[in-house]
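S.K.: Here's the letter readout for the chains.
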Amino acid sequence: MSGPVICVRDLRVSFGRGASLIHAVDGVSFDVAEGEVFGLVGESGCGKSTILRAISGLNTEWTGSATIAGRPVAHRRDPTMARIVQMVFQDPYGSLHPKHTVETALMEPIRIHGLDSGARRIDRVLTEVGLSPAFRYRYPHQLSGGQRQRVAIARALILEPRVLLLDEPTSALDVSVQAEILNLLSDIKRMEKLTYVLVSHDFGVIAHMCDRVAVMNHGMMLEELTVEDLMEGRMRHDYTRDLYEASAGYSRRLQTRADEADAAA
Amino acid sequence: MSEPILTVDGLSVSFRSPQGVVQAVRGISFTVGREKVGIVGESGSGKSMTGRAILKLTPPSAQVSARVLRFRDIDLAKADERAMRAIRGDRIGMILQDPKFALNPVQTVGRQIAEAFRIHRSASGAEAKDRTLAMLEAVKIRNPRRVFDLYPHEVSGGMGQRIMIAMMLIPEPDLLIADEPTSALDVTVRLSVLRILDELVSDRGLGLIFISHDLNLVATFCDRVLIMYAGRIVESLPAIELHRAQHPYTRGLLESLPRINERRERLPVLTRDPAWLTA
Chain X
83 MSGPVICVRD LRVSFGRGAS LIHAVDGVSF DVAEGEVFGL VGESGCGKST
133 ILRAISGLNT EWTGSATIAG RPVAHRRDPT MARIVQMVFQ DPYGSLHPKH
183 TVETALMEPI RIHGLDSGAR RIDRVLTEVG LSPAFRYRYP HQLSGGQRQR
233 VAIARALILE PRVLLLDEPT SALDVSVQAE ILNLLSDIKR MEKLTYVLVS
283 HDFGVIAHMC DRVAVMNHGM MLEELTVEDL MEGRMRHDYT RDLYEASAGY
333 SRRLQTRADE ADAAA
Chain P
83 MSEPILTVDG LSVSFRSPQG VVQAVRGISF TVGREKVGIV GESGSGKSMT
133 GRAILKLTPP SAQVSARVLR FRDIDLAKAD ERAMRAIRGD RIGMILQDPK
183 FALNPVQTVG RQIAEAFRIH RSASGAEAKD RTLAMLEAVK IRNPRRVFDL
233 YPHEVSGGMG QRIMIAMMLI PEPDLLIADE PTSALDVTVR LSVLRILDEL
283 VSDRGLGLIF ISHDLNLVAT FCDRVLIMYA GRIVESLPAI ELHRAQHPYT
333 RGLLESLPRI NERRERLPVL TRDPAWLTA
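Sequence order for the protein chains is X and P.
Counting from 83, one number per residue, gives the positions in the first sequence under our numbering.
Counting from 83, one number per residue, gives the positions in the second sequence under our numbering.
In case anyone wonders, no lab produced these hints; they're calculated from the structure.
We put the beta carbon where it would ideally sit given N, CA and C, even for glycine.
Be aware that one or more of the hints could be misleading.
What the hints assert, rightly or not - Just so you have them, the derived chain P footprint on chain X, three or more residues with Cβ under 8 Å:
id, region
1, 264-272
2, 321-332
What the hints assert, rightly or not - In the SDA-like style, the derived pairs of lysine to any residue whose C-alpha atoms are separated by at most 20 Å in a straight line are:
id, chain 1, residue 1, chain 2, residue 2
3, P, K182, P, H235
4, P, K160, P, G109
5, X, K271, P, E347
6, P, K138, P, K182
7, X, K275, X, D293
8, X, K271, P, P350
9, P, K138, P, T190
10, P, K182, X, A254
11, X, K271, P, R345
12, X, K271, P, V351
13, P, K182, P, G126
14, P, K182, X, L197
15, X, K275, P, A321
16, P, K222, X, N265
17, X, K271, P, K160
18, X, K271, P, R346
19, P, K182, X, S126
20, P, K222, P, D285
21, X, K275, X, N265
22, P, K211, P, T190
23, X, K275, P, R348
Sequences and hints are given; from them, build the entire structure.
M.R.: Written out as structure tokens, the structure is:
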């Protein structure tokens, strides 16, 4: 395949105005190749989710340029883009309508896009995410956390997109369920030849899933690493090293820069 | 080891539901001395209910029973609500996951900490304020006088959790129960909060019960680890030997964690054995 699927240049998103103006994303550029898993890692407020919301079209107030599969991301809702890019959110409790059955939730994109043979499509995606077609009559409260996240993934897949944006897809789940969902995401990617952008704060998840990762802090990309560099601890920035070491657990010796920053606040 | 601070023997917590009796905790036994004891488990394993049962903070619908539930020389099993009120906060403190919900939003931070002191010690307002400022300093807040007058929404998550620690430690309890105290925090902030907790616990000779879902964290932070599954303690071992765990559930959990230094094609998925419920 030629050229990147996702191409983002000088993306900027800001909130507020005047003295309370915040640059949530402050000039970010990156490319993601076809079939690649690109990770975005950083702490809360670093802008990683804001990037996803901008390139998925959920947030239309941004500057810079972004193209996905050769099509420029518009500054308004774009139905064609919905068939190319879909998003999976962290909290499956919040992302599924509590009073809609699985079937209603999955039928909505089919209806909006005027696709045919909806029932067959629903059976197919439910099977693909490892749920029996009988799940279509369940409500979200009748599902476990892992099953709910499977439904959220099915909803993202039903329009057969080329790119999935995954925003902390497993951080609300127990570790044993996380393993199942990560395996599922790997399987789907291989079968459907998808490209992923994965946001996570967990270096373990990033190292397991991604080919490349960008480390973010204060709305900017500090550095981009290949997964091999990450796994072997070859990073240039101290901040990345702090995150890397912190992910290994607690140590009395560890003295992070966050100590000083937080104490000074 | 010296006399344990807390002795739990045969603790059970159950709930009546339309589907029958649900056993949240099934007859668990352990002791806590001047040490950091981690309780690890997945959601629904009964770890939080264990912490609450020690303080008798279970919901009214819960049935709690225990052969022994002793804190120092106090028989908690027999203690009534009035006696428990004198123990909670004063002798046994509790830190919860999110300071945003545990702090009173319409009272300044300093006033809340001072109140925690004055409820349990007869002290003048001035003395309570001095103690509060000293305690804020002990949790490494650099400008205690400024933070004293802040409202909870004006502080960061990490600082909020340090404020909770200050509030819990100011009456000088013997035992601290921390239920996922750092799960809502970013990794680097998490470490600084843990370091403060670690120092204070060892300096003051407290017992700490550290409830968490995070195996790596508990293995590196605690002295001893209890692994809970479906209301039982399936395994108990020194934290540094967690990687040598024997129980298939503990092993399964450790295996299913994605690793930063090793890439595996697929993550092993835990197969739950019904025998774990009775073994």
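S.K.: For every hint, state whether the structure bears it out.
M.R.: These are the hints, each one checked on the structure:
1. With a cut-off of 8 Å between beta carbons, the region 264-272 of chain X has 3 residues touching chain P; three or more are needed, and the interface restraint holds.
2. Counting residues of the region 321-332 of chain X whose beta-carbon sits less than 8 Å from any beta-carbon of chain P gives 8, enough to reach three: the coverage restraint holds.
3. For the hint pairing P:K182 with P:H235, the CA-to-CA distance comes to about 8 Å; that is within 20 Å, so the pair holds.
4. With a CA separation close to 18 Å, the supplied pair P:K160 and P:G109 stays within the 20 Å bound.
5. Taken as a hint, the X:K271 and P:E347 pair is honoured in the structure, with Cα atoms around 13 Å apart against an allowance of 20 Å.
6. For the suggested pair P:K138 and P:K182, the alpha carbons sit about 23 Å apart, so the restraint of at most 20 Å is broken.
7. For the suggested pair X:K275 and X:D293, the alpha carbons sit about 15 Å apart, so the restraint of at most 20 Å is met.
8. Between X:K271 and P:P350 the alpha-carbon distance is near 18 Å, which keeps this suggested pair within the 20 Å criterion.
9. Between P:K138 and P:T190, the direct Cα distance comes to roughly 28 Å. Violation of the 20 Å bound is thereby established for this hinted pair.
10. Proximity of P:K182 to X:A254 is assessed by CA-CA distance (about 19 Å); at most 20 Å being required, the pair is judged to hold.
11. With a CA separation close to 17 Å, the supplied pair X:K271 and P:R345 stays within the 20 Å bound.
12. The hinted pair formed by X:K271 and P:V351 meets the criterion: a straight-line CA distance of about 19 Å does not exceed 20 Å.
13. In summary, the hint linking P:K182 to P:G126 is not supported, as the alpha carbons are separated by about 23 Å, beyond the 20 Å threshold.
14. For the given pair, P:K182 sits about 45 Å from X:L197 by alpha-carbon distance, which is inconsistent with the 20 Å threshold.
15. With a C-alpha separation of about 42 Å, the suggested pairing of X:K275 with P:A321 is violated against the 20 Å cut-off.
16. Distance restraint check for P:K222 and X:N265: the Cα-Cα separation of roughly 42 Å exceeds the 20 Å cut-off, and the hinted pair is therefore not satisfied.
17. For a cut-off of 20 Å, the pair hint linking X:K271 to P:K160 is broken: about 58 Å separates their Cα positions.
18. Taking the CA atoms of X:K271 and P:R346, the gap is about 16 Å. The hint holds against a cut of 20 Å.
19. A C-alpha spacing of about 16 Å is found between P:K182 and X:S126, which places the hinted pair at or below 20 Å, so the restraint holds.
20. Only pairs whose Cα atoms come within 20 Å are accepted, and P:K222 paired with P:D285 is accepted, the gap being roughly 15 Å.
21. About 15 Å separates the Cα atoms of X:K275 and X:N265, which keeps this hinted pair within 20 Å; it holds.
22. Distance restraint check for P:K211 and P:T190: the Cα-Cα separation of roughly 12 Å lies within the 20 Å cut-off, and the hinted pair is therefore satisfied.
23. With a CA separation close to 17 Å, the supplied pair X:K275 and P:R348 stays within the 20 Å bound.
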